[in-house]
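Add chain R to chain A, keeping to what the hints say.
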Amino acid sequence: MFDVNTFASFIHLERGLLPELVEDLKGYGIDGMLLSPLDPEDYTSSCFLNHALLRAVEEMHGCYVALAFGGNAQGLASSSKVKALKAYPPAERRQLELAAELCKRLGLPLVISLRVAWGGACIDIDTLRPILSNVGGLKIVLSGVNYTETRWLVSEVASLPNVYVEISMFQQMEGVKFLVKRLGVDRVLFGTAYPLQSPYASLLKLLHSGLSETDVEKVARRNAMELFGLEGY
Amino acid sequence: MPLKLDNSKRGRLEQALEALKRYKGRIIDAHAHIGSDHRFLMRAEPERVLSVYDRCGIRAGLFSSTISLLCGVKEGNQHVLEGAKRHPGRILPLYSLNPLEENCLEMLKELHELFYGVKFHPDYFGIQPSHPLSLSALRQAADLGLPLMLHSYDGGAEAERVARELPGLTVVAYHMGGVRWTECLRRLAKLENTLVEISSSLANPGMVKAAVDELGADRVLFGTDVPYNDPAVSLAKVLEADLSEREREGILWRNAERLIGGW
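Sequence order for the protein chains is A and R. For what it's worth, numbering that gives the first Met the number 0 labels the leading residue of the first sequence as 0, then goes sequentially. For what it's worth, numbering that gives the first Met the number 0 labels the leading residue of the second sequence as 0, then goes sequentially.
Isolated chain A, as found in the complex:
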């Protein structure tokens, strides 16, 4: 299984604890992951976290990075471990536009985290709408969507084939099945928000979703491999 929403905190990186986090996830059957920095508050912390994360995953099989936009992302993006850039709440419209432009230039998908944790800051639909309506060839992953975005996902996002949705915070009953039905199975991605959330939540949402084995396989792994170019990771 491939987790497109794993976080590495300052403490993990500063104390060399990332291997433990990765091994922990492997214990849940998750053998590949897209890691991104947790809480990159400003330019300086983004630079540090991006650099430290990239260095930490260098030798880790199955581990890739979504760099925090706003730090030294452009300079680090040539690494084969970098598979996306990520924008965090409370990003404003201009920041998202710049992130989208940079991703287009680099040929990388943009992950937009609408929210990282419950009760925290979020990026609202009005901020996202103009970005999504002008994606061109850019692929965008919406991470951290929840029930408050349900109508918007159906009324607007469903008609945007370059936009993908990650499941970690979409908690409603049969939510994964709902996303697959309304967006198409190829646009739904498995994510856990680990270590903020227990990986069991997303694992059980998917395994008890009532989807066919083929569709579970696509959401769990195949879609991410195709989106991020990870064939044979």
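Think of the hints as simulated: they come from the structure by calculation, not from any bench. It is possible that part of the hints are untrue.
The list that follows gives simulated cross-link-like pairs (lysine-lysine, DSS-like), each with its CA atoms no further than 27 Å apart [as the list claims (entries may be wrong)]:
1. Lys180(A) - Lys80(A)
2. Lys208(R) - Lys25(A)
3. Lys176(A) - Lys20(R)
One side of the interface only, derived from the structure: several residues of chain R facing chain A at Cβ under 10 Å [unchecked claim]:
4. Ala136
5. Gln139
6. Leu143
Glycine residues also receive a C-beta, built at the ideal position from the N, C-alpha and C atoms.
Chain R in isolation, oriented as in the chain A frame:
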């Protein structure tokens, strides 16, 4: 749903799925709804909820109707009774009580033997449970021996007030305080007539273990809040917690059985 995992380190997931097989058909959901909610495109016809229950090994749930939240409690209570009649032993109805509505206890007094508890949602009903109007109604519910299921997004502040005011009433803090769950646990720890129910969109590691440490395993209830949450979210919280088998079984069904008696 079998999923092929091609790495060798899959111990935790396999253990969790095996545990769920052991608990299959015994779990009781202390917080559930039937009905639709158009705001989030959610549909929860009884049959649909029960098919989800079957996939997750849940035997029965304590239900109110979304109609009670969105339209009116009288209609909602009728709706949940109809669901219970169609699925006896699986849909166990709660009486939604809004003290602002006229004759709010009428149906409860007449049919109290059909209900397993009283449901109170301050945000939707527009009144706090510690308001004198509410306390008067809740006192009568307590006299009927029914527990109160109270939403606790306020960090359990109202649950604490009501539990102190009405010591003969058992108060279940739905959602365990929501994002303010640590505050809720602190508030309720010493009030023996309170329990916490664990559902919410949060799946932070450590929530259930913290509840057990603060209140004791006998005062923690498994609940899902279907259809607003998938049962997977609450199952995850119980499965990841470092608990003894006795504690886990208590949370998943024995505590609820003790709370509501047999059926």
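The hints, checked one at a time:
1. Lys180(A) - Lys80(A): violated (32 Å)
2. Lys208(R) - Lys25(A): holds (23 Å)
3. Lys176(A) - Lys20(R): Roughly 22 Å between the alpha carbons, so the hint for Lys176(A) and Lys20(R) holds.
4. Ala136: Where the cut-off is 10 Å and the nearest Cβ of chain A is about 31 Å from Ala136(R), the hint is violated.
5. Gln139: violated (33 Å)
6. Leu143: violated (31 Å)
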